[in-house]
Amino acid sequence: MQQRALAWAVAALALIGLGVSAFLTWYDILTPRGFCSLTGFFGCSEILTSQYSRIGGVPTAFLGALWFIVVLWLAIGVTRGEARLIYLLGWSLLAIPGVGALAYIELVVIGAICPFCTSAHVLGLVILVLAVIMWRNRNH
Amino acid sequence: MSSHSKSNSKQRKKGFSRGEKIIGLVILVVAIWAVYSFTQPPSPSTTTTSTGTTATGVPVAPDFTLPVVTQDGLTGQRISLSSFRGKVVLLEFMEPWCSVCQDMAPMLDRLYAQYEAQNVVFLAVAGPYNSATADDAAKFIRDYGTAWTFVYDSSGTTFTTYGVSATPTFFLIAKNGSIDTRYEGTNATFEILAAGLTRLNS
Numbered sequence: 001m002q003q004r005a006l007a008w009a010v011a012a013l014a015l016i017g018l019g020v021s022a023f024l025t026w027y028d029i030l031t032p033r034g035f036c037s038l039t040g041f042f043g044c045s046e047i048l049t050s051q052y053s054r055i056g057g058v059p060t061a062f063l064g065a066l067w068f069i070v071v072l073w074l075a076i077g078v079t080r081g082e083a084r085l086i087y088l089l090g091w092s093l094l095a096i097p098g099v100g101a102l103a104y105i106e107l108v109v110i111g112a113i114c115p116f117c118t119s120a121h122v123l124g125l126v127i128l129v130l131a132v133i134m135w136r137n138r139n140h
Numbered sequence: 141m142s143s144h145s146k147s148n149s150k151q152r153k154k155g156f157s158r159g160e161k162i163i164g165l166v167i168l169v170v171a172i173w174a175v176y177s178f179t180q181p182p183s184p185s186t187t188t189t190s191t192g193t194t195a196t197g198v199p200v201a202p203d204f205t206l207p208v209v210t211q212d213g214l215t216g217q218r219i220s221l222s223s224f225r226g227k228v229v230l231l232e233f234m235e236p237w238c239s240v241c242q243d244m245a246p247m248l249d250r251l252y253a254q255y256e257a258q259n260v261v262f263l264a265v266a267g268p269y270n271s272a273t274a275d276d277a278a279k280f281i282r283d284y285g286t287a288w289t290f291v292y293d294s295s296g297t298t299f300t301t302y303g304v305s306a307t308p309t310f311f312l313i314a315k316n317g318s319i320d321t322r323y324e325g326t327n328a329t330f331e332i333l334a335a336g337l338t339r340l341n342s
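So the protein sequences, as listed, match chains A and B.
Count the first sequence with this note's numbering and you get residues 1 to 140, in order.
Count the second sequence with this note's numbering and you get residues 141 to 342, in order.
For the record, the hints were derived by calculation from the structure and aren't laboratory data.
A few of these clues could be false.
Which bits of chain B does chain A cover? Going by a derived footprint, with three or more residues having C-beta under 8 Å, they are [as the list claims (entries may be wrong)]:
| hint | region |
| --- | --- |
| 1 | 211-223 |
| 2 | 301-313 |
| 3 | 320-327 |
Sample of chain B residues at the chain A side, in silico, Cβ under 8 Å [stated by the list, open to error]:
| hint | residue |
| --- | --- |
| 4 | I162 |
| 5 | D203 |
| 6 | T205 |
| 7 | W237 |
Bear in mind the structure is a predicted one, so any value in this text is a computation, not a measurement.
Just so you know, even glycine gets a beta-carbon here, dropped at the ideal spot from N, CA and C.
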């Protein structure tokens, strides 16, 4: 029962994270390159017009959306077997270097905070924690 | 063990049903297509042209008086735009944190090196958006070795007066103080700004 509740929690958080990342991707696509908008929200315009908003031309937020989609896909039915849980845990561990790098860039390199980016980072870390808890509870 | 329970056991080991594998494959294909799309260059019809906005019959550029910033910070001096009447002015509205402003600094440096000797004034107005301070502007000056005059608009009023909503925004101001042309961001290439300055200064 607890595993099922945790799985639903992971799925719900992944869905929220997907929504946030999708919104940031849409905002990034709409943000014209070539100048910095002063009418953006909080520090997001500063971050989304930086060179770090895209990796090889791909919006960083889109990569985050992909990560959340895979989490959602793995979370649904994760209680069915250990293999799925291993994949979920392994995929969630990617949150550590990903969030670490993006948070460093946001806070130290750019020196701005985008609440939407930060909330996606927090969601990623919470998903990782829940995945670890599920792994530890797997034989209970 | 029955064949049905064998099948269930196998699925438990693998963890994915056929339907879930198909969904996973769809996710992968969509992801690859999206990444491919993002990495393709934009079509010519969406490329912005490098044109500015020519103002005809425009009155004198709104005057302002703002504190001067150097690489050491605020100097205590104040400068008015009207003090440059009789000279061509390249007026730039910028933000120290703006990556485009940073990227364009070397180009402006080259432009300044060419036109400063021809009595053209380069004046940059640093703004307060995203909590940018005069010290941030000073750091920008140090980091990019800019030699032209910087002032700091602590309230953003001058930005508002000029209708600036993005940085960098450039105004070419004629000797009589009227706004000749306005450019935003990378639309202001070296060649375009140089051509405008040469025309106004002739």
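Here is what the structure says about each hint:
Beta-carbon proximity to chain A at under 8 Å applies to 0 residues in the region 211-223 of chain B; the threshold of 3 is not reached and the given coverage is violated. Against chain A, the region 301-313 of chain B contributes 6 residues with a C-beta closer than 8 Å to a partner C-beta. That satisfies the three-residue criterion, and the hint holds. Check result for the region 320-327 of chain B against chain A: holds, 4 residues qualifying (beta carbon to beta carbon below 8 Å, three or more required). Because the beta carbon of I162/B sits about 11 Å from the nearest beta carbon in chain A, more than 8 Å, this interface hint is broken.
Violation of the interface hint for D203/B is found here, the shortest Cβ-Cβ separation to chain A being roughly 22 Å, above the 8 Å cut-off. Evaluation of the T205/B hint against chain A yields a violated restraint, the C-beta minimum of about 22 Å exceeding 8 Å. Contact between W237/B and chain A, as hinted, is supported at the beta carbon level, the nearest pair being about 5 Å apart and thus within 8 Å.
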